[in-house]
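Chain by chain, the residues run as shown.
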Amino acid sequence: MSRQITIDPVTRIEGHSKITIELDDNEQVKDAHFHVTQLRGFEKFCEGRPFSEMPSLMARICGICPVSHLIASAKACDGLLAVRVPPTAIKLRRILNLAQMMQSHALSFFYLSSPDLLLGMDGDPAKRNIFGVLEAYPTLARDGVRLRQIGQQIIELLAGKRIHPAWVVPGGVSDPLTEATRDQIIAMLPDAQAIAERTLVWFKKAMEQYREEIRTFGNFPTLFMGLVNAEGDLEHYHGKLRVVDSRGHILQDGFDPPDYASFIGEKTEAWSYLKSSYYLPLGYPEGIYRVGPLARLNIVDRCGTPLADQEWAEFRELQRGAELSSFHFHYARLIEILYAAERIGELLNADDILDPHVRARAGANNLEGIGVAEAPRGTLIHHYRINEDGLITWANLIIATGHNNLAMNRSVLQVAKRYVDGSKLTEGMLNRVEAVIRTYDPCLSCSTHALGQMPLHIELRSAAGEVLDEVRR
Amino acid sequence: MKTTTQTMNRVKTLKIDDRDVSGSEHQTILDVARENDIFIPTLCHIDGLSDIGACRLCVVEIKGSGKLVPACATEIQEGMEVFTQTEALAKYRKLILEMLFTEGNHICSVCVSNGHCELQYLAARLGVDHVHLPYLHQQRTVDASHERFIVDHNRCILCTRCVRVCDEIEGAHTWDVTGRGTKARVITDLNQPWGTSETCTGCSKCVHICPTGALVEKGKSVAEMSKRREFLPYLTSMREKNNG
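Protein chains in written order, with our numbering: chain A, 1 to 473; chain B, 1 to 244.
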């Protein structure tokens, strides 16, 4: 008789979700699903609002990566203004975005995933958390806390507060950088860089213990997508989208983010509020692709900063073609932290960084605007339409976690097939199923911003697990 | 603030919160209280415009009288004993603010007037930390048809400062009020989009004296809409002087 195993809620991720694993008559894993169980509604309730409010309104989607939404939204609004954003404002926005990358990656790696890596996938669940790490590995835990603090402090110094700052506005930023603030930020960077370097040394050594997880944690061919700049370097703010296949060959290069609708499709599944994005030319579900740190390091020709480039070269040696295991999201995240520390330094030392001209002003000159940026979890797209008065008439947001939805589901199934044996369940098995989700660092509050037809699927099961009735709509 | 228009010939003495104070006849309780640094909350009152006693936040108790009176619209009397800070008043004032919050759609965190809003300031000052009434969640509109300004009815508390400033100071009388109860709202000209108003001079006085984010300049992002309100008494006195 078939049985169902439910992990609800999935812990140490951002948002609410559950995982169901279906067993066949022989107690072997037949299928598995990652369900996102929350519904938001941002695309709908922003309708009728003045577009100038959008960056701050959309930032409220998330308390962890509000900066990403601020930036993608402000870029969409820049398109509505049809102005040239002052170069200094672009640099300042880039610094803010990288600071957020640093703090968010630190949260994902140190707070959410390091307990699995340090205390073991089969470790005592009561201890398998950041407090357990603080007890057993105080130096590493302190590094994580400090790194997150640096990222958050940079955001606060630039934008006025750590969470939901209103500093990024259509046309630029609201206030220029002062010399004192610049020097304060520069003084913090060596610490961040040192932490990133020593964590990378430790992680690369520790990877040997996780050969089996690397082999089975979302290790399958997919496409990868992200922004690259004109030189093919790592890019988080501007640039064009590039798609590579699992062998690392460029499938499509330099498509302008505004053309996203010609390349990215979105499909709704009955078992989740989270839409699944796919690469349109290959169809659904063959067009499965991944975004985020792993994808970014797979698509670029180099990072563009000296230390990150060395690490990147080593990372790309792991496998011929693209690095396929989602376990290596962790590795890629650490390299990106190092990159962020280096790049913020470069940007702060630019000659024009203290220029007081940081905002271009205009009314609504275009009726449609699209903003694309790289959020910590991957490519983030904000797309707005307004009426002649400047009020929003329609909005569409595609969030990183949505791009990864298909891959997350397939990863859950792969891990469940490898580790879950229906006849004898262990906590460690189930934790591995959760841990593979954590590699993607999904942000479910972000990704379920949408409002529309609720995909509903109700199953009525007997105590023995037999499906008695089901309803779909 | 009627002191500018009245002859100050007769002094009256009274008590406010057990303090002996004095004022000239025709001064309101609010005027005298403010001259003596006694805080009475207000929303519809603004120095330089006529008072209508609409918001009821400035209600005070008078010894010997069973009813509450608005301090902005009640003149002082000889021997009056006024109480501005009783427990009952604190309760009523909080309730009035709660009703304003539930009737409109006030989301401070994403409001252009966040940090510059009189409603928000008073809620914090009077200790409105919870709203006990059900929110009405009314569907209200935003009119952005004017080239430079926006009226967001979600944030309007119907204080009618805009109506009065436009009528009494600018002399255009573009603004008015239509409807009743929770359906009441401010309108421009003959209930038409602001951008099509023939009387609006675009002077922005209404925008600057609006206590909330209901009337704002276009293009402002969250928390950017700070307002200048100090100009009114000056304008009032200068115009009276010029008019002889």
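If you are wondering where the hints come from, they were derived from the structure by calculation, not from laboratory data. Please read these numbers as outputs of a predicted model, since none were measured by experiment. A couple of the hints might just be wrong.
To be verified - Here are some, though not all, of the chain A residues that point toward chain B, as calculated from beta-carbon distances under 8 Å:
(1) T20
(2) E53
(3) S56
(4) L57
(5) R60
(6) G63
(7) S174
(8) P176
(9) A180
(10) A360
(11) R361
(12) G363
(13) D389
(14) G390
Positions of the beta carbon are idealized from the N, C-alpha and C atoms, including for glycine.
Outcome of the hint check:
1. Of the supplied interface hints, the one on T20 of chain A is violated, with its beta-carbon coming no nearer than about 35 Å to a beta-carbon of chain B, more than 8 Å.
2. Residue-level restraint check for E53 of chain A holds (minimum Cβ-Cβ distance to chain B is 6 Å; threshold 8 Å).
3. Because the smallest distance between the Cβ of S56 of chain A and any Cβ of chain B comes to about 4 Å, under 8 Å, the interface hint for this residue holds.
4. The beta carbon of L57 of chain A comes within 5 Å of a beta carbon in chain B, closer than 8 Å, and the hint placing it at the interface holds.
5. Interface restraint check for R60 of chain A: the shortest CB-CB distance to chain B comes to about 6 Å, inside 8 Å, so the restraint holds.
6. Among the interface hints, the one on G63 of chain A is violated; its C-beta lies about 12 Å from the nearest C-beta in chain B, farther than the 8 Å criterion.
7. Given the 8 Å rule on beta carbons, the hint for S174 of chain A holds: about 7 Å separates it from the nearest Cβ of chain B.
8. For the restraint placing P176 of chain A at the interface with chain B, the shortest Cβ-Cβ distance is roughly 15 Å, beyond the 8 Å limit, so the hint is violated.
9. The beta carbon of A180 of chain A is not positioned within 8 Å of any beta carbon in chain B (closest approach about 23 Å), and the interface hint is therefore violated.
10. Of the supplied interface hints, the one on A360 of chain A is violated, with its beta-carbon coming no nearer than about 11 Å to a beta-carbon of chain B, more than 8 Å.
11. A cut of 8 Å between beta carbons decides the hint on R361 of chain A: the least distance to chain B is about 7 Å, and the hint holds.
12. For G363 of chain A, the suggested interface contact is upheld, since its CB lies about 7 Å from the closest CB of chain B, less than 8 Å.
13. A cut of 8 Å between beta carbons decides the hint on D389 of chain A: the least distance to chain B is about 4 Å, and the hint holds.
14. A cut of 8 Å between beta carbons decides the hint on G390 of chain A: the least distance to chain B is about 5 Å, and the hint holds.
When the structure is compared with the earlier hints, violations turn up for hints 1, 6, 8, 9, 10 and for no others.
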